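Going line by line, the protein sequences match chains Z and S.
Residues 1 to 403 (the working numbering) are what the first sequence spells out, left to right.
Residues 1 to 368 (the working numbering) are what the second sequence spells out, left to right.
Treat the hints loosely; a few may be bogus.
[Stated by the list, open to error] Within a straight-line C-alpha distance of at most 16 Å, the following computed EDC-like cross-link-like pairs (lysine to aspartate or glutamate) qualify:
1) Z:K186 / Z:E111
2) Z:K22 / Z:E37
3) Z:K394 / Z:D139
4) Z:K49 / Z:E150
5) Z:K296 / Z:E235
6) S:K258 / Z:D395
7) S:K107 / S:D7
8) Z:K296 / S:D4
9) Z:K46 / Z:D139
10) Z:K308 / S:D177
11) Z:K186 / Z:E348
12) Z:K308 / S:D7
13) Z:K308 / Z:D2
14) S:K258 / Z:E381
15) Z:K186 / Z:D2
If you are wondering where the hints come from, they were derived from the structure by calculation, not from laboratory data.
Keep in mind it's a predicted model, so treat the numbers as computed, not measured.
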Amino acid sequence: MDFNDSPQEAAFRAEVRAWMAKNAAEYASPPATPWSEAQIVALGRKWLKRKADAGYATITWPKAVGGRGGTAMEEVIFRQEERKYVLPDGPFLSIGVNMACPAIRRHGSPEQYQRFAPLTLSGDIVWCQLFSEPAAGSDLGGVRTRAVREGDNWIVNGQKVWNSWAHHADWAILLARTDPGAPKHKGLTFFVLDMRTPGVEARPIRQITGRTDFNETFLSDVVIPDSCRIGEVGEGWAVAMTVLMNERAGPRDKDGLVLRLIERARSAERPGGTALDSAQVRTTLARLYAEEQGVKYFGYRLLTSLSKGEPPSPAVAMIKLTQTHYAQLANAYAMDLDDFAGLFETPERPHQDQIFFEYLYQQGLRIAGGADEVLRNQIAERVLGMPQEMRADKDVPFDQIPR
Amino acid sequence: MNFDLSDEQKMLKDQVSRMLLDRAPPARLRELIDAGQDWDPDLWRALADMGLLGAAIPAEYGGLGLGEIDLCVIAGEIGRAVAPVPFFSSICLAAEAIRLAGSAAQKARWLPGLASGEVVGCLAVNEGRGFAGDRLEAAVSGDRLSGVKWPVSDAGVADIAVVVAVENGRTVLGLVDLQGPGVTCERLKGFDELRPHHRLAFSDAAFEAMTEADAAQVLKALYDRAAVYVAFEQIGGAEACLWMARDYALERRVFGRKLASYQAVKHNLADLYVYCELARSNAYWAAWAMETGSDQLPAAAASARVSATWAHEQAARENLQTHGGVGFTWAADCHFHYRRARLLALNVGAEEVWADRLVGALAGGDAR
Ligand SMILES: Cc1cc2nc3c(=O)[nH]c(=O)nc-3n(C[C@H](O)[C@H](O)[C@H](O)COP(=O)(O)OP(=O)(O)OC[C@H]3O[C@@H](n4cnc5c(N)ncnc54)[C@H](O)[C@@H]3O)c2cc1C
């Protein structure tokens, strides 16, 4: 066991630090006025391009496809250094880099990959994910959006929903049904879709945070050329699984949340001292810290096994499950520490709205990208070897499943 | 960075695990409890023969001279099997205390015996309620010790005790030969009878001081280390519970299907898996910090302790619950862990104590 950087890793870290100091200087502290959505997207494109030009956009990919040919450990080191800055980032970048491109690479043709990967890495196209529908979320295999073949094209009709940043996206990854007579997971096909195609309409939906960064997306007689089909007809589920696997592997370290909470406790007055003097407060903080650190080190253990060439573990599901668990509680506790006053933004608590936002947002993360219950099923079935859920829709043609 | 056990450590883990499965099966545990035995001396000898007792004791003192991580690996397997041996008392407490604070002569005198298993040691700190170092009454005057220590684990089979006492208002650490005059030992009635605890009464017993260094500091370090060893023991126990529950749920059928196919059971066990892995991850961090002498040890040890206690207690309870009525019987094995989880949750200090130490370490101050 060795927890320090190897000499090679230390050298890489030093290189990244120097590069960041030079190239991310303007992001060393939060922007004076919060970025608008359009600004984040514009700055995000530039930031990704800057990384891509230096070979940092996709560290583990081969050089031939715009990567750096680096190790998973180097990827982590880069992210750790990146986290010291406040960077313009969002799903519009990660869906492209971490979800769309790997899926195209694995299931698409080399020409398709050449067509999309470089433009994605240069920030010229940003992506959204058109998977979920009103009647298909956790049960994603239930998508009803129809794609019908017409010569060299597909005509697509349906409604997608909860599509993050779709109103800013250039392209989308799309899961649609091409054979309603086949069993649920067998009648699906995967496409990439130019969001400027006539008949595509993304309508932003207001979220509990007050922001409007996800959408319902209507597809009316949308024409998609067959050259934008990724994988075989009827093989869409396998492509979608590649996307979901990468999505669930996604969440990053959130180190430091509990240390900030300790500082809050230290400044929360109590008769004769501060909240940090209370055994009850210390116990709560200690539990949160043990969870925060535990999941961070669990991530390092997975990484160690990946770097030894072992296959990715389905236990990765516990990372998001745990991170959202303690982060939701920690943000609630940040309010608790100030008692009733914790629910208000005042001159003494000028940044309280960030706590409000985080507390709201963590609830969304418990649902998006595999809800808690779905992740627990994944752990039980794929890690502990327990039976799959009983299901009423197996081997039944999709159009005969009771609605 | 390489955040995993080495291949040799994995082999060690398998080897110990297989040996304990073979020599300390649950039937043997029931036998020992029914007979009111303090320990299993044959098993102790077997561990000694494999060199495991001296794993972390330097070669010059008759040990294998491996690192602390190896000792953690062994502790984990002891926990998995609920092995009835004074490993924690003799090796993780007494031998560690002598390694940390003994003079060269004391190390030469005691460590070889501890490594070979011929000598069994224990640590006498507590005086009823109260954690290491609080309000001690046991007093040393000259080279004589008087006072009462309880609970002391495995004192009934120990030859020597490392004792913490006060001398002129100062905390001191020393060695007492338990066979010598002025020592009486009485077994307590405890919650986990598979690891006996005792009351040691000293009346002008011979006391050999151990260190010139500040004993309170030594104790703090000793407890950080002890917390890591116990964390591994707890995690071994928690994993045993998780897999026992999983196996039972796969076998048992209710309402026409496997118990393991019910989501309530699946999610319960998935949560236990998460607790085990969080605890194991913190424990690796702590074991690494201990072996490399990192200044992160206090925070790492306390994190490991807090998460391992949670994992073990939850796993012990939910394992028994998953078994239904049969889990409540003496003949089933759930109760060994159900009791042991409570013992290990308190034996080096309750959660409140470690939460305090953890926040103290993080907030840049000491514990309150
Ligand atoms: C902030 C946010 C961003 C999102 N971004 C996108 C995006 O960009 N693109 C996209 O396509 N989608 C996106 N989603 C949608 C997300 O993937 C779905 O919301 C999610 O998969 C859950 O589906 P659902 O909303 O239909 O809820 P349901 O699947 O109906 O779930 C409702 C509840 O039932 C539980 N449940 C479901 N199945 C089971 C089961 N088998 N056993 C036990 N409990 C179960 C769930 O865990 C949940 O608690 C986003 C969602 C959120 C909140």
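Okay, the hints, checked on the actual structure:
1. Between K186 of chain Z and E111 of chain Z the CA atoms are separated by roughly 26 Å; this puts the pair beyond 16 Å, and the hint is violated.
2. A threshold of 16 Å between alpha carbons decides the hint, and for K22 of chain Z with E37 of chain Z the separation of about 26 Å lies outside it, so the pair is violated.
3. With a CA separation close to 12 Å, the supplied pair K394 of chain Z and D139 of chain Z stays within the 16 Å bound.
4. A threshold of 16 Å between alpha carbons decides the hint, and for K49 of chain Z with E150 of chain Z the separation of about 37 Å lies outside it, so the pair is violated.
5. Between K296 of chain Z and E235 of chain Z, the direct Cα distance comes to roughly 35 Å. Violation of the 16 Å bound is thereby established for this hinted pair.
6. Simply put, K258 of chain S and D395 of chain Z have alpha-carbon atoms about 22 Å apart, too far for the 16 Å limit, and the pair is violated.
7. Proposed proximity of K107 of chain S and D7 of chain S is contradicted: the alpha carbons are some 31 Å apart, above 16 Å.
8. Between K296 of chain Z and D4 of chain S the alpha-carbon distance is near 14 Å, which keeps this suggested pair within the 16 Å criterion.
9. Only pairs whose Cα atoms come within 16 Å are accepted, and K46 of chain Z paired with D139 of chain Z is rejected, the gap being roughly 36 Å.
10. Straight-line distance between C-alpha atoms of K308 of chain Z and D177 of chain S comes to about 50 Å, which puts the hinted pair past the 16 Å bound.
11. Under the criterion of a C-alpha separation no larger than 16 Å, the hint pairing K186 of chain Z with E348 of chain Z is inconsistent with the structure, at around 58 Å.
12. Annotation: proposed proximity of K308 of chain Z to D7 of chain S holds, straight-line Cα distance about 12 Å (limit 16 Å).
13. Restraint check: the Cα-Cα separation between K308 of chain Z and D2 of chain Z comes to about 14 Å, which is no more than 16 Å; the hinted pair holds.
14. For the given pair, K258 of chain S sits about 13 Å from E381 of chain Z by alpha-carbon distance, which is consistent with the 16 Å threshold.
15. The straight-line distance between the Cα atoms of K186 of chain Z and D2 of chain Z is roughly 46 Å, outside the 16 Å bound, and the hint therefore fails.
In terms of the numbered hints stated before, the structure departs from hints 1, 2, 4, 5, 6, 7, 9, 10, 11 and 15, listed from lowest to highest.
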